[in-house]
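**Q** Here's the letter readout for the chains.
There are 2 protein chains.
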Amino acid sequence: MSPLPADLAARLKRTADGLVAAIVQQHDTGEVLMLGWMDDEALERTLTTGRATYWSRSRGEYWVKGATSGHHQHVREVRLDCDGDALLVKVDQVGAACHTGERTCFDADLLELR
Amino acid sequence: MSPLPADLAARLKRTADGLVAAIVQQHDTGEVLMLGWMDDEALERTLTTGRATYWSRSRGEYWVKGATSGHHQHVREVRLDCDGDALLVKVDQVGAACHTGERTCFDADLLELR
Numbered sequence: 001m002s003p004l005p006a007d008l009a010a011r012l013k014r015t016a017d018g019l020v021a022a023i024v025q026q027h028d029t030g031e032v033l034m035l036g037w038m039d040d041e042a043l044e045r046t047l048t049t050g051r052a053t054y055w056s057r058s059r060g061e062y063w064v065k066g067a068t069s070g071h072h073q074h075v076r077e078v079r080l081d082c083d084g085d086a087l088l089v090k091v092d093q094v095g096a097a098c099h100t101g102e103r104t105c106f107d108a109d110l111l112e113l114r
Numbered sequence: 001m002s003p004l005p006a007d008l009a010a011r012l013k014r015t016a017d018g019l020v021a022a023i024v025q026q027h028d029t030g031e032v033l034m035l036g037w038m039d040d041e042a043l044e045r046t047l048t049t050g051r052a053t054y055w056s057r058s059r060g061e062y063w064v065k066g067a068t069s070g071h072h073q074h075v076r077e078v079r080l081d082c083d084g085d086a087l088l089v090k091v092d093q094v095g096a097a098c099h100t101g102e103r104t105c106f107d108a109d110l111l112e113l114r
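Line order of the protein sequences matches chains B and Y. With full-length UniProt numbering as the guide, the letters of the first sequence map in order to residues 1 to 114. With full-length UniProt numbering as the guide, the letters of the second sequence map in order to residues 1 to 114.
What the hints contain is simulated information worked out from the structure, not anything from laboratory work. Please read all numbers here as calculations on a predicted model, not as lab measurements. A hint or two may mislead.
Between beta-carbon pairs, the in silico distance windows are [claimed, not checked]: (1) Y:83 x B:14: 19 to 29 Å; (2) B:70 x Y:61: 37 to 47 Å; (3) Y:60 x B:59: 39 to 49 Å; (4) Y:1 x B:3: 40 to 50 Å; (5) B:61 x Y:68: 37 to 47 Å; (6) B:57 x Y:58: 21 to 31 Å.
Glycine residues also receive a C-beta, built at the ideal position from the N, C-alpha and C atoms.
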């Protein structure tokens with residue numbers, strides 16, 4: 001049973017492994033910082049603690065952003081998209097969002113338009 | 001075999017159904033417009049045509065944004081994230097990005113922080 005309020009749980013369209021994509025954006029500059037994944041429990045924790053919390057697909061565990069790095073994400077706003085399969089999480093990011101030390105996870109790899 | 005250049009294809013970390021999440025952002029205002037999904041072919045078409053092209057999970061087909069609505073997305077930049085499972089597609093959006101007529105797919109549903 002979902003820990004989320006029933007009306008919200010009913011609006012989510014999850015992947016086969018129970019996840020919804022979470023786009024993380026710096027609330028004031030508009031920078032897209034990273035993409036995380038949330039299941040119902042991670043979303044519930046994010047909404048109730050104000051700290052962005054994700055499900056790690058590679059490690060198979062919950063993680064609170066910044067718990068080990070100190071690079072917390074203070075949640076300002078969470079929005080669900082029109083078909084329920086994506087969240088937009090607006091945060092105030094402390095330090096670097098990317099584990100590589102870059103400000104965002106999209107800084108390093110610009111693809112060539114051909 | 002992937003239609004993408006081999007070095008790029010090797011950097012993608014796809015879902016079980018072969019997809020990478022594509023965050024779509026208005027290039028100048030920073031608005032997050034929508035989340036789409038791309039397989040290798042959709043990404044190749046996006047990079048070579050300059051028109052954002054997605055894989056529709058619900059319809060099981062490729063779609064060029066704007067092909068029926070006229071609400072094209074002219075691609076300015078495509079970036080891959082640090083772990084290869086998300087793309088950031090910066091576009092110039094014509095008209096509304098959302099099929100509901102809203103400017104973005106995240107306009108309608110603000111979740112309550114409790």
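**Q** Which earlier hints turn out false for this structure, listed by number in ascending order?
**A** 3
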